[in-house]
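Asks: As a plain string of letters, each chain reads:
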Amino acid sequence: MTTFTPATAEDVLATVQWAVADEAPLEILGHGSKRAIGRPVQTGHMLDLSKLGGITLYEPEELVLSARAGTPLAEIEALLAAHGQQLAFEPADYGPLLGGEAERGTIGGVLATNLSGPRRLKAGAARDHILGVHAVSGRGEAFKSGGRVVKNVTGYDLPKAMANSWGTLAVLTDVTFKVLPAAQTEVTLAIRGLLDEHAAAAMALALGSNAEVSSAAHLPYPVVTRLAEGHLGREAATLLRVEGFGPSVAYRIGKLKDLLKDAGPLEEISGEASPALWREIRDCVPFVGSDRPLWRVSMAPADGHRMVMALRMQTAVEAFYDWQGGLIWLSMAHGEPEADLVRAMIRKFGGGHATLMRASEAQRAALPVFESPSPALAALAARLKAEFDPKNILNPGRMAA
Amino acid sequence: MSGLVLPKPDAATLSRRAEIVADMRIIVPGEGVVDAVSEMRAFESDGLTAYRQLPLVVVLPETVAQVAKILKYCNERTIRVVPRGSGTSLSGGALPLEDAVLLVMSRFNRILEIDYPNRVVVAQPGVTNLGITTAVEQEGFYYAPDPSSQIACSIGGNVAENSGGVHCLKYGLTANNVLGIEMVLMNGEILRLGGKHLDAEGYDLLGVMTGSEGLLGVVTEVTVRILKKPETARALLIGFPSSEQGGQCVADIIGAGIVPGGMEMMDGPAIRAAEDFVHAGYPLDCEALLIVELDGPAVEVDHLIGEVEAIALQNGSTTCRISQSEDERLAFWAGRKAAFPAVGRISPDYYCMDGTIPRKELPKVLAGMKALSEKYGLGVANVFHAGDGNLHPLILYDANKPGELDKAEQFGADILRLCVRVGGVLTGEHGVGVEKRDLMPEMFNETDLDQQMRVKCAFDPNHLLNPGKVFPQLRRCAELGRMHIHAGKLPFPDIPRF
Chain B
1 MTTFTPATAE
11 DVLATVQWAV
21 ADEAPLEILG
31 HGSKRAIGRP
41 VQTGHMLDLS
51 KLGGITLYEP
61 EELVLSARAG
71 TPLAEIEALL
81 AAHGQQLAFE
91 PADYGPLLGG
101 EAERGTIGGV
111 LATNLSGPRR
121 LKAGAARDHI
131 LGVHAVSGRG
141 EAFKSGGRVV
151 KNVTGYDLPK
161 AMANSWGTLA
171 VLTDVTFKVL
181 PAAQTEVTLA
191 IRGLLDEHAA
201 AAMALALGSN
211 AEVSSAAHLP
221 YPVVTRLAEG
231 HLGREAATLL
241 RVEGFGPSVA
251 YRIGKLKDLL
261 KDAGPLEEIS
271 GEASPALWRE
281 IRDCVPFVGS
291 DRPLWRVSMA
301 PADGHRMVMA
311 LRMQTAVEAF
321 YDWQGGLIWL
331 SMAHGEPEAD
341 LVRAMIRKFG
351 GGHATLMRAS
361 EAQRAALPVF
371 ESPSPALAAL
381 AARLKAEFDP
391 KNILNPGRMA
401 A
Chain A
1 MSGLVLPKPD
11 AATLSRRAEI
21 VADMRIIVPG
31 EGVVDAVSEM
41 RAFESDGLTA
51 YRQLPLVVVL
61 PETVAQVAKI
71 LKYCNERTIR
81 VVPRGSGTSL
91 SGGALPLEDA
101 VLLVMSRFNR
111 ILEIDYPNRV
121 VVAQPGVTNL
131 GITTAVEQEG
141 FYYAPDPSSQ
151 IACSIGGNVA
161 ENSGGVHCLK
171 YGLTANNVLG
181 IEMVLMNGEI
191 LRLGGKHLDA
201 EGYDLLGVMT
211 GSEGLLGVVT
221 EVTVRILKKP
231 ETARALLIGF
241 PSSEQGGQCV
251 ADIIGAGIVP
261 GGMEMMDGPA
271 IRAAEDFVHA
281 GYPLDCEALL
291 IVELDGPAVE
301 VDHLIGEVEA
311 IALQNGSTTC
321 RISQSEDERL
331 AFWAGRKAAF
341 PAVGRISPDY
351 YCMDGTIPRK
361 ELPKVLAGMK
371 ALSEKYGLGV
381 ANVFHAGDGN
391 LHPLILYDAN
401 KPGELDKAEQ
411 FGADILRLCV
421 RVGGVLTGEH
431 GVGVEKRDLM
441 PEMFNETDLD
451 QQMRVKCAFD
461 PNHLLNPGKV
471 FPQLRRCAEL
481 GRMHIHAGKL
491 PFPDIPRF
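Each protein sequence line maps, in turn, to chains B and A.
According to the numbering used here, the first sequence is numbered sequentially starting from 1.
According to the numbering used here, the second sequence is numbered sequentially starting from 1.
Take the hints with a grain of salt, since some may be wrong.
Below are the SDA-like pairs computed for lysine to any residue, each with C-alpha atoms no more than 25 angstroms apart in a straight line [said to hold, decoys possible]:
no. : chain 1 : residue 1 : chain 2 : residue 2
1   : B       : K122      : A       : K72
2   : A       : K228      : B       : A201
3   : A       : K8        : A       : K72
4   : B       : K257      : A       : A371
5   : B       : K348      : B       : K391
6   : A       : K69       : A       : P467
7   : A       : K228      : B       : Y58
8   : A       : K229      : B       : N210
9   : B       : K257      : A       : P230
10  : B       : K391      : B       : S360
11  : A       : K228      : B       : A273
12  : A       : K407      : A       : Y376
13  : A       : K364      : B       : L98
14  : A       : K360      : B       : A379
15  : A       : K170      : B       : Y58
16  : A       : K170      : A       : K8
17  : B       : K144      : A       : E479
18  : B       : K122      : A       : T134
19  : B       : K144      : A       : M440
20  : A       : K228      : B       : A316
21  : A       : K407      : A       : A371
22  : B       : K144      : A       : Y376
23  : A       : K375      : A       : G403
24  : A       : K170      : A       : V34
25  : B       : K144      : A       : A298
26  : B       : K122      : B       : T56
27  : B       : K122      : A       : K360
28  : B       : K257      : A       : M440
Computed footprint of chain A on chain B; a stretch qualifies when at least three of its residues, placed anywhere within it, have a C-beta under 8 angstroms from a C-beta of chain A [unchecked claim]:
no. : region
29  : 88-99
30  : 155-166
No lab work stands behind these hints: they were computed from the structure.
Glycine included, each C-beta is placed from N, C-alpha and C at the ideal position.
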């Protein structure tokens, strides 16, 4: 086992060219903070990008930031925060969820895994903010795509192809993201004690208003007790986040209160408690500290709670909802992922997909961690992989067997 | 046609035209096959009218099954296909080829589902961009991307081009507002990418399809996200003595953490042409005019208007008017929206360009354009999506004067080279098409372009779908797939390894 830690894009290229010539597969790593997601990769060599760091361009007024792929996300977020800006897609930190440290992860990993957070509803995911990439393909060729301006349709959008590709198409060396001003303030409105079904209706009502709700989550009992160190109590909490300029936030919260006055008891969560709560939801804190198999399910928001209710008839699960109910975190109480059952239920209730975010190595090796949507799509994905990495040397088997 | 080289027509296909037309009539019965030259004239160009070419035959299918059959038929017989939506492309993306079936999607014109709880609309690709908003506006919703052709352009075409519009700095491009598509590959396979849920289960093929200019597949259904209309919108009309001051004002607004719903800039010639045409009340003594629109709840809009006004004054604005009514807001926009026809009044023809630059380079690029204008002896007026740096220079020329179109095109190419030189790109929202195809090497090297073309090989290995667009040189997939192995031992003793 050799670990290569190149510090320049040229050395990344040389390493991949060597691997191509020797047909020596590489595991591609940043900090390895999400290494426990996906099918285990078994290669003789590792390409560790954590030394390929450095922010190379930051122009707040142009809303762009470029960095080498191995730059720590924390370094980028600190620099942006110092200028009142942010990555609006709120990349999650799954370190503790996967049994690792918090605040690890590189900007390249953010793109390769297409991270997002509760603001996904309004602001999108990494895929929606990536502007340009430099990368080395599995052919051992350095290429670029996209640019450094916020509006660009020149050629195919290969930066988006890198999103959620888990290092299987190319090794990212430089990335350019669109950055945005951070909201001046935020307030969260909580509706208490709702059943999942009523929470879904309340969230749909709120999101269908012009109160510009940026995040909507529902935490049933007992999941709610594991947030904010138990300060939310035992009643289910349906949370609506409103962000922006102070007077606007106050007005829109008032509007939401009026709209939801019959929905249930309302509470306002403001100050530092509001962003702290959304960080915990983002990082899936209610399911940290367990080793039960965990699914991250994406469905149409209105269908999520129906799928969960039907699933509960078949097996014991704990669940909570983000993205207005469209993102469902499912923790499997019996210790088995029950992949076929979960995926059958998703299909039955309108479709979507499920990623096995946490499971033992043996389970991840045996099951499709990522869902293959249809044979025709799987074949197209395999052809795309072959066009970038014909010898299958980049993270072989990480996404598909 | 000025110098544009399209793929050499395939003689065998041309000679089998009657047979192909007859077979198309079997696949698409009724009125859906057009082969008379007089009727095909309507399809010989798109929004880039400088280029015209009659297709082999025009086919207007009505069902996905028909699209799949047509593509499979053509794939098996190596017949080229050019897809077309409403034909509003400004880059020649839907320019027909002599030996290609023109696949027109305009009969796919139905809204299939409006789902308010999930805030999505499922539409056939021939529905117009504005048609989606019209279908949901009685409930107070709208579809955010608003290309200026929105009354005519199709949502399928928007996906193909990743269309933008005035509001995309705040609300995103097509790619950020499309959740799913159904599409047909050249081999006739029908695929679904995404749906009403968010994010892809594997590779982001939806992201790759969006903006692929009809080279990868034919879109047969689109699921888009709709938004609730903001409560109010107000605009400021701000004049500056120089483009530097206007540009700095834009930078300062964004620096202050404000992302306006729309932020447009016009230069002196564009201001004067628009004012002469629509009498919007634009100040004629300024060299840069900025329209800043703020939308949201009244309390937010009022608060931000004050901030923007202060920023404008700090940057030396000579005029700053704030709309006091919806009529006045629309009047501010009237001149900008009529800028193209207004320029059409002062010049027999104009050629609309579409580069994006880092905003801070605006003064340099405007100065460069002025020099080019003198060099070529042609006028230029500029409208500019100021928030995102997307320039639309309008080059003034007279097509009836021999050589002027060529000169206008060379002038345009020089402007785009300038955009790339300052860190920008060839096209912000109009697409590469045939128009900017031969300029691609200004921005990408051969390795970059080869990797792009390899993506095409995964979707359409025989280069049958919309060939001759986007890429300056067609290379066979077998050739692109060949590997050049850098044999030998580790050539880099310095790379740390453990």
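Asks: Check each numbered hint against the structure and report the violated ones by number, ascending.
Replies: Violated hints: 1, 4, 5, 7, 10, 11, 13, 14, 16, 20, 22, 24, 25, 26, 27, 28, 29; rest satisfied.
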